[in-house]
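J.: We have chain A; now place chain B onto it with these hints.
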Amino acid sequence: MTDIADAVRTHQLFKRFGHQVAVGGVDLVVPRGSFAGLVGPNGAGKTTTLSMVTGLLRPDGGAVHIDGLDVWRDPLPVKGRIGVLPEGLRLFERLSGRELLSYNGQLRGIPRAEVEQRAEGLLKVMDLAESADKLVVDYSTGMRKKIGLAAALLHNPKVLFLDEPFEGVDPVSANTLVEVLQRYTASGSTVVFSSHVMELVERLCDWVSVMNRGQIVAQGPLDRVRAGRSLNEAFLGLVGVRGDGNGEEGLSWLGATSA
Amino acid sequence: MAGRDLGMSAAGGDGAVRVGPSVFVRLKLRLIAGNLRGSTQRLLGFVFTVIAAVVVASLGFLAMTMLRLAPADIATDVVIVLFTTFLVSWAIVPLLAFGLDDTLDPSRLSLFPLRTGQLAAGMFAASVTGVWPIATLIITAGAVAGLATGIGGVLLGVVAVLVQFALCIVTSRLVTTSLSGVLRTRRGRDVLAVSVIFFILAAQLPNLLLNGGLAGDLAGTLRGVASVLRWTPPGMAAHAIADGGAVAVAELAFLAVLTVVLGWLWIVALRRALVSTDASTEGASVRNSKGLLARVLPDGPLAAVATKELKYARRDPRGRVGWFAAVAVTGVMAFSLSRDGTGAGGVALAIAPACIGGVMIGLQSSNSFGIDGRSLWMNSVVYGTGRDWRTDLAGRHLAVMTIAAPLLAALSVVAALLAGNLVWAVPAALTAWGILGVGLGVGALTSVLLPYTVPERLNAFTGAAPGQGGVAFAASFGAMIGSSVLALPVALPVLLGLTWVSVLAVPYGLLISWGGRRIAGDLGFRRYPEILAGTSQPG
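For the record, the sequence lines run as chains A and B. Each residue of the first sequence is one higher than the one before, counting from 1 in UniProt numbering. Each residue of the second sequence is one higher than the one before, counting from 1 in UniProt numbering.
Chain A extracted, bound-state conformation (with noise of 0.2 angstroms):
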């Protein structure tokens, strides 16, 4: 049975890709209204979690439930409450920043008034407001990401999944999102974002799971999940590297003198 107070609960999700096992059994938990990271290297299965769980790519098995609802079975209902941020930056790159949140508004059926004056608002707030009229193609990635989470909050959804929604993102844009996430899950929605990025994580997440090899290797609150360490060590130790730097031997050359 599912637990209803769970944004998102997996049960071991399943994927693979040839011979190789992209995800293998994830059981990911997120309580409703948390902001979680989803942390793990590169590899590690984020983002095929992520594509699975939002309904884009077909698991090979495994169930998937966000609010208790079946994302494969019963994807009409699902759909309504998500708003996605993919990898990327796959967006409509023909269109103006100002068409892409009007073609979203539009596709989900809110009336044209409305979406102008959401549109409006988010632009405002994510400062781009004097290139809403520019094309997407020739957006920068700050701006590909913020028009990005702009378009997945159009329609107001319960649970927003972004992956790596700050990768290659300018400090000033950083800041926006940021800001942006943290009044969005003020009001009790819940926010699941993938990143490398330890301290960022450390600093936003209150729910953190730990991916790697196409499983997860610890998930909870994020203090219980740090134990005191910071998350970095915690993550070092966690996917078996150990972080005091070993291994150097092999490059004795490296800013030496003689050459």
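Bear in mind the hints are in silico, worked out from the structure with no lab data behind them. These figures come from a predicted structure and were not determined experimentally. Keep in mind that a hint or two might mislead.
As the list claims (entries may be wrong) - Derived contacts from chain B toward chain A, CB cut-off under 10 angstroms, selection only:
#	residue
1	A304
2	T307
3	Y312
4	D316
5	S380
6	Y383
As the list claims (entries may be wrong) - Some, not all, of what chain B presents toward chain A, calculated at C-beta under 7 angstroms:
#	residue
7	K308
8	R315
9	R374
Unchecked claim - Simulated restraints on C-beta separations:
#	chain 1	residue 1	chain 2	residue 2	range
10	B	L218	A	G88	50 to 60 angstroms
11	B	L155	A	T141	52 to 62 angstroms
12	B	I92	A	G88	31 to 41 angstroms
Glycine included, every Cβ here is placed at the ideal spot set by N, Cα and C.
T.: Here is chain B on its own, set in the frame of chain A:
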């Protein structure tokens, strides 16, 4: 690591190796090999390319040799035209394929500690490495066998072949390098992508001219063309082989100087390309207009998809190329058809071009989601039923019809005027609209069953991402066969003269497109993760 593997090490290091052209040749070979690794389809593609190159090279060489059987002046004229064609192709084709070959873009090499001269020699060597350059060299060498007379002629011929080959390569490098700055900007690539279509059309030109009644005086045409081209550099090379005397020596000396000058210009361009900045992203704003459709249609997904598609047809080079291609192919076919019309004419002559137009435009919708590609997730995270996907397809069809209906009507009027009776435009337009409807219905099915990626980097040689050529072929071929068969019940009677049947064409087309959307909507909803995967291949 890669650096050491390639024998490149930083100047001043104790194990420094001189970086000669051979390093670049190995780099190129390694890029070719790396590109093939782990993909059977690409490997097969490469094998086919090699086989094609071998066949072309041997046939080309053989054909050149056979020129010896022709009268000497005609043989020389043929070689002059061929050499010029080679040079022009070498200047244009790599430009259209820009971005496909890593060694062509000097900016990727700018961080290596290499002098510009080294870089130029290396890039020259890298561009010579490949199946097509070698095939070109072999065919060019055939001219010696075909034209040269006496020992002196052969010796000078070999020199001429090498100079002509070097000229091709250096010109090609010069063109790509001096334009590489432009080609890296978004706008430059957009312009180039659309110009691909003109290149393809230009390639059709000789064919059209020959069909157009010039065939009778082929020899005369050849002589006329060759007498002009004779004084271009490749013409001189060809003439030098045939001449084999003092004039030839002078011509070759001139060509050698020219090649060196072009090479020097290339080095200058290279030096500048290495330090000039990358593309600017200062994009212009677009007008924030709603468009006609959005004003007419009720608020909602249908209007959203239809207006977005119309914007894409205008703003995305792939959209523009698609429409240009459909119109151009129709034009070419209608033109050849009207030339062939030796009595079968009459009303069919007015209706057939319009029907072809309907089929060609309908074919564009055989992969409706292809251009959305990686952005399609945005729709799929919204759609929760088969009905939503049906509405999405309807929006796409509506956009296509908005552009195509007036276009086909105009085409019908033109065809009817050419055929001699303006009234024939009415059955022609009705039939064409009906056929378009059939094409859209069938295309909806192939779009969900055989989706493939339309690469963002358009080039003239493929319309699908690497490895998806088969799917793309199956989709467009299936759509063509399917819509032709389904269109027959209305098209055939009309073409045979029962023009009143054309009244039924539009309702029939609407019925088929509705049926296609109905089936494709449910299929699309069930298969959407597969559609996403199919249209999001790295291209």
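J.: A separate judgement is required for each hint: does it hold in the structure or not?
T.: Results for each hint:
Interface restraint check for B:A304: the shortest CB-CB distance to chain A comes to about 4 angstroms, inside 10 angstroms, so the restraint holds. For B:T307, the interface hint holds, the least distance from its beta-carbon to any beta-carbon of chain A being 8 angstroms, beneath 10 angstroms. About 6 angstroms separates the beta-carbon of B:Y312 from the nearest beta-carbon of chain A, less than 10 angstroms, and the hint is met. A cut of 10 angstroms between beta carbons decides the hint on B:D316: the least distance to chain A is about 5 angstroms, and the hint holds.
The restraint placing B:S380 at the interface with chain A holds, with a minimum CB-CB distance near 7 angstroms, inside the 10 angstroms limit. At its closest, the beta carbon of B:Y383 sits 7 angstroms from a beta carbon of chain A; the interface hint therefore holds under the 10 angstroms criterion. Contact between B:K308 and chain A, as hinted, is supported at the beta carbon level, the nearest pair being about 6 angstroms apart and thus within 7 angstroms. Hint status for B:R315: holds, given a least beta-carbon distance of 4 angstroms to chain A, under 7 angstroms.
A cut of 7 angstroms between beta carbons decides the hint on B:R374: the least distance to chain A is about 4 angstroms, and the hint holds. Here the CB-CB span from B:L218 to A:G88 is close to 55 angstroms, well matched to the stated 50 to 60 angstroms. Range check, B:L155 to A:T141: Cβ separation about 60 angstroms, and the 52 to 62 angstroms hint holds. At roughly 33 angstroms, the beta carbons of B:I92 and A:G88 sit within the given window of 31 to 41 angstroms.
The structure shown violates none of the earlier numbered hints.
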